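Let's have the full structure, built from the sequences with the hints guiding it.
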Amino acid sequence: MTLEQGIFILASLLMLGSALAMVTARSMFVAALWMIGTFAGVAVLFILLNAGFLGIVQILIYIGAIAVLILFAIMLTPDVMGLKPGPRYTGQWPLAAVMASTLAAVIVLLLVRAGNDWHIADAAPNVTDFAVQLGEAFMTTYLLPFEVASGVLLVALIGALVIVRDE
Amino acid sequence: MSSIPLNWYLIVAALLFCIGLFGALSRRSAIGILMGIELMLNAVNINLVAFWRYVEVDGLAGQMFAIVVITVAAAEAAVALALVRALYRSRDTVTVEEIDLLKW
Numbered sequence: 001m002t003l004e005q006g007i008f009i010l011a012s013l014l015m016l017g018s019a020l021a022m023v024t025a026r027s028m029f030v031a032a033l034w035m036i037g038t039f040a041g042v043a044v045l046f047i048l049l050n051a052g053f054l055g056i057v058q059i060l061i062y063i064g065a066i067a068v069l070i071l072f073a074i075m076l077t078p079d080v081m082g083l084k085p086g087p088r089y090t091g092q093w094p095l096a097a098v099m100a101s102t103l104a105a106v107i108v109l110l111l112v113r114a115g116n117d118w119h120i121a122d123a124a125p126n127v128t129d130f131a132v133q134l135g136e137a138f139m140t141t142y143l144l145p146f147e148v149a150s151g152v153l154l155v156a157l158i159g160a161l162v163i164v165r166d167e
Numbered sequence: 001m002s003s004i005p006l007n008w009y010l011i012v013a014a015l016l017f018c019i020g021l022f023g024a025l026s027r028r029s030a031i032g033i034l035m036g037i038e039l040m041l042n043a044v045n046i047n048l049v050a051f052w053r054y055v056e057v058d059g060l061a062g063q064m065f066a067i068v069v070i071t072v073a074a075a076e077a078a079v080a081l082a083l084v085r086a087l088y089r090s091r092d093t094v095t096v097e098e099i100d101l102l103k104w
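Top to bottom, those sequences are chains A and B. FYI, the numbering for the first sequence is 1 to 167, going by my numbering. FYI, the numbering for the second sequence is 1 to 104, going by my numbering.
None of these hints come from the bench; they were simulated from the model. Since the structure is predicted, the reported quantities are computational estimates derived from the model, not experimental observations. Among the hints, a few may not be true.
With a straight-line Cα cutoff of 20 Å, these simulated SDA-like cross-link-like pairs (lysine to any residue) come out [stated by the list, open to error]:
#	chain 1	residue 1	chain 2	residue 2
1	B	Lys103	B	Thr93
2	B	Lys103	B	Asp92
3	B	Lys103	A	Thr90
4	B	Lys103	B	Arg91
5	B	Lys103	B	Leu25
6	B	Lys103	A	Gln92
7	B	Lys103	B	Leu87
8	B	Lys103	B	Ser90
9	B	Lys103	A	Gly91
Structural data, given as structure tokens:
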């Protein structure tokens with residue numbers, strides 16, 4: 001087993017373990033903290049996949065922005081902080097568990113049966129400065145998706161402000 | 001050539017997706033559902049980047065797609081949390097079973 005594989009297994013265990021702890025945590029605040037562990041594991045996987053820029057973006061956006069936003073929302077909502085006792089799950093949770101585990105079993109079975117029969121490109125990426133390449137591509141080839149994404153962000157920002165505004 | 005088979009990434013991403021699916025389907029709190037959806041989006045991103053790395057490493061489409069997914073996830077989180085906040089103010093609850101105005 002190589003070092004890379006060891007890091008992969010450690011990161012995956014951290015990620016899946018935090019994800020399981022997240023969906024089973026009694027308090028939403030604790031669940032949000034576990035979610036940060038999951039995001040960190042995903043960032044490690046991105047870096048293992050030679051996508052260092054995405055790994056940093058993952059940490060900045062998911063941990064730095066989305067997780068903190070969710071923590072703020074939880075702290076502003078006493079109902080979710082666990083001050084009002086109540087069950088964690090809706091009545092349909094056994095059905096949800098059956099569905100999710102069936103889907104997981106089917107996908108994993110298919111992947112194991114497919115083996116390594118993918119058309120895999122052998123070469124490692126011959127460039128390391130993906131950030132530069134991505135930046136250039138965003139201004140040339142992918143200009144339209146870039147503009148649409150900025151539009152989506154702007155609309156979401158204004159929409160969120162309008163929704164929470166005091167009448 | 002990386003020493004990690006592509007399958008490992010796909011299996012881990014599938015498991016993460018299903019854990020997120022369970023969270024999104026079973027949580028009582030609206031914020032818990034939102035967190036489950038974030039997990040599912042993350043799993044999709046792992047798949048996109050893994051396929052980019054192993055199959056289409058000369059292009060940039062895989063990373064580009066992942067960045068767009070992250071953007072949409074951020075927008076979604078902002079709007080969803082604003083909705084939760086507005087709901088809590090008007091109905092004093094964020095439990096999805098008690099928010100049933102549209103059922104009638």
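Can you list which hints this structure breaks, lowest number first?
Per hint list: zero violations.
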